[in-house]
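Colleague: Given next are the chains, with one letter for each unit.
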Amino acid sequence: MKKRGFADLFFLLLVVYLVLPVIATMLYAFASNWNKTILPEGLTFKWLATLFQDAEFIQAFGRSVLLSSGAVMIALLVIVPAIFVIVLYFPKYEKWIQMAVVMVYSFPGIILAVGLIRVYSKFGVPMILVVLGAYVVGILPYIYQGTRNSLRNVDARQLLDAAQLLGASKLQAFTKILLPTVYPGLFAGALLSFSVLFGEFVLINLVVGSRFETVQIYLMKKLSTSGHIASAVVFIYIVLMGLLTFVIARLTKQSKGATNL
Amino acid sequence: MIVLISKRQTVAWLSPFLVLVLLFFLVPLLYMLITSFQNSDGFTLAQYQSVLTNDYILQGFKNSITLSVISAVIALIVTLFSVYAIMRFSQPVREKILILTNLTSNFSGIPLAFAFIVLLGNSGLFTLLFDKWGISALSSFSLYSWGGLLLIYIYFQLPLALMLLYPIYDGIQQQWKEAAALLGASTWQFWMKIGIPIMLPGIVGTFSVLFANAMGAYASAYALTSSNYNLVAIRIGSLIKGDIFAQPELASAIAVILAVTMVTAMLLSEWSISKTRRKL
Numbered sequence: 001m002k003k004r005g006f007a008d009l010f011f012l013l014l015v016v017y018l019v020l021p022v023i024a025t026m027l028y029a030f031a032s033n034w035n036k037t038i039l040p041e042g043l044t045f046k047w048l049a050t051l052f053q054d055a056e057f058i059q060a061f062g063r064s065v066l067l068s069s070g071a072v073m074i075a076l077l078v079i080v081p082a083i084f085v086i087v088l089y090f091p092k093y094e095k096w097i098q099m100a101v102v103m104v105y106s107f108p109g110i111i112l113a114v115g116l117i118r119v120y121s122k123f124g125v126p127m128i129l130v131v132l133g134a135y136v137v138g139i140l141p142y143i144y145q146g147t148r149n150s151l152r153n154v155d156a157r158q159l160l161d162a163a164q165l166l167g168a169s170k171l172q173a174f175t176k177i178l179l180p181t182v183y184p185g186l187f188a189g190a191l192l193s194f195s196v197l198f199g200e201f202v203l204i205n206l207v208v209g210s211r212f213e214t215v216q217i218y219l220m221k222k223l224s225t226s227g228h229i230a231s232a233v234v235f236i237y238i239v240l241m242g243l244l245t246f247v248i249a250r251l252t253k254q255s256k257g258a259t260n261l
Numbered sequence: 262m263i264v265l266i267s268k269r270q271t272v273a274w275l276s277p278f279l280v281l282v283l284l285f286f287l288v289p290l291l292y293m294l295i296t297s298f299q300n301s302d303g304f305t306l307a308q309y310q311s312v313l314t315n316d317y318i319l320q321g322f323k324n325s326i327t328l329s330v331i332s333a334v335i336a337l338i339v340t341l342f343s344v345y346a347i348m349r350f351s352q353p354v355r356e357k358i359l360i361l362t363n364l365t366s367n368f369s370g371i372p373l374a375f376a377f378i379v380l381l382g383n384s385g386l387f388t389l390l391f392d393k394w395g396i397s398a399l400s401s402f403s404l405y406s407w408g409g410l411l412l413i414y415i416y417f418q419l420p421l422a423l424m425l426l427y428p429i430y431d432g433i434q435q436q437w438k439e440a441a442a443l444l445g446a447s448t449w450q451f452w453m454k455i456g457i458p459i460m461l462p463g464i465v466g467t468f469s470v471l472f473a474n475a476m477g478a479y480a481s482a483y484a485l486t487s488s489n490y491n492l493v494a495i496r497i498g499s500l501i502k503g504d505i506f507a508q509p510e511l512a513s514a515i516a517v518i519l520a521v522t523m524v525t526a527m528l529l530s531e532w533s534i535s536k537t538r539r540k541l
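Here the protein sequences line up with chains A and B, keeping their order. According to our numbering, the first sequence is numbered sequentially starting from 1. According to our numbering, the second sequence is numbered sequentially starting from 262.
Just so you know, these hints were derived from the structure itself, not from any lab. A quick note: this is a predicted structure, and the numbers were derived from the prediction, not measured. Incorrect hints may have been included.
[As the list claims (entries may be wrong)] Simulated restraints on C-beta separations:
| no. | chain 1 | residue 1 | chain 2 | residue 2 | range |
| --- | --- | --- | --- | --- | --- |
| 1 | A | L66 | B | S487 | 38 to 48 Å |
| 2 | A | G209 | B | T448 | 51 to 61 Å |
| 3 | A | M103 | B | K323 | 18 to 28 Å |
| 4 | B | L283 | A | G70 | 16 to 26 Å |
| 5 | A | P180 | B | I331 | 41 to 51 Å |
| 6 | B | E356 | A | I128 | 37 to 47 Å |
| 7 | B | F304 | A | V15 | 31 to 41 Å |
| 8 | A | F246 | B | R349 | 23 to 33 Å |
| 9 | B | K393 | A | V19 | 44 to 54 Å |
| 10 | B | V524 | A | G242 | 33 to 43 Å |
| 11 | A | I128 | B | L283 | 11 to 21 Å |
| 12 | A | P91 | B | D316 | 31 to 41 Å |
| 13 | A | G62 | B | P458 | 49 to 59 Å |
We put the CB at the ideal spot given by N, CA and C, even for glycine.
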């Protein structure tokens, strides 16, 4: 069992490495003074309180939520029907969607930013709309994954046919039969997309800049001015991401459970 | 197929999606490609010439590639052993570990850079600790340099590597191990002759995803070193953002070369995957 110990050592290293920065930052958010000592000199809620009294932060938070959830909404309205149509009626074209998914996933924001600025900066289009559009396309991989997995689980094609043979209209079949069955997977994909967009910095910073200050841009600004405020921001960010991850995990389990029925 | 939908319905459902992909993905990328070959006189290769003869930009590429390869290799090795350890846990424990990893996979960019500043920055937790212990070799470690970037890159590679390797590892079935053991193979022999060769295409694929992931990373390096450390992504960023010195044509050329680098890595992994498959 020597090898087991060896692998466990790596696993321990992995866990410590991944968890330590998270814990340290959370601790720092509550540290009253922590400049010369190894552990904080005292604990306080001062930084969080200051942060929540800062109108600039509240607004930045609002903008982040608005932008990310707006992009997710549009993606749900536009991308999901398209995936439905292709998967259900034109399965042979699905490889094109898959190709788009791979491309969108592998092209980083820094490359896309160059193109977006080149194309749209001279048209006078509000650049925030350009970022919004890029966000919608950017979350295609997560939305596709969520939708596709659920569709695969329920054999949607037959379900839809059965419903329509029993007299349901196409709309009824979609909204009453198909949508409820794929809902958990879809919702998990939407939340995942939201959390990815909430942490996005490259496009918003390069394409729009400080004209639309999101949480990430606010954090970047605070990095050089106040470490404590910055850590309070990161603390809130971690808590939010933790909640989202937890809900996503529950939903994914739920949608997997549906197959066992 | 029993129930069909009309052509009009198909168009109505598909076109908004296609328009979005066209407007916010394909057109910008295509336009960037065209821009990279353009200047005021029309078609030119001048941008590419200046990229390939500019030592500073070439150094940026070299730094990015080194950082990406090393961080990907380290993350791969750590996760390969870790997945092995995780597989021995019970199902519920495994699921909890994966949720935790998922959580940390969201921890990247600016927040991540900040977390490392808390740990290893000028007055960071470990910097002080090492100072107190009198290990000056470690307390003088500069986070705002290559070493610091490497630590951060490894951090965001780990969860991704784990998530990609886990299903590949899951494919190794217990029966194979038992069969191999019954036939007299040691655990070591099983992994060397059966396990690793089966997983190899997946490992190569994972490596190329990690490589591309690191090549395109911008936020954490920017947050840590502003624009001081020379990486390709940082170079592109400063070339398009600088209001006075913005050189979009040059930025486009660098971005195209970066894209080509990443696509090449992907193709190489495809090629090696198909090659290993044939051998098996």
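Colleague: Looking back at the numbered hints, which does the structure fail to meet, lowest number first?
Modeller: The structure breaks hints 1, 7, 9, 12; every other hint is satisfied.
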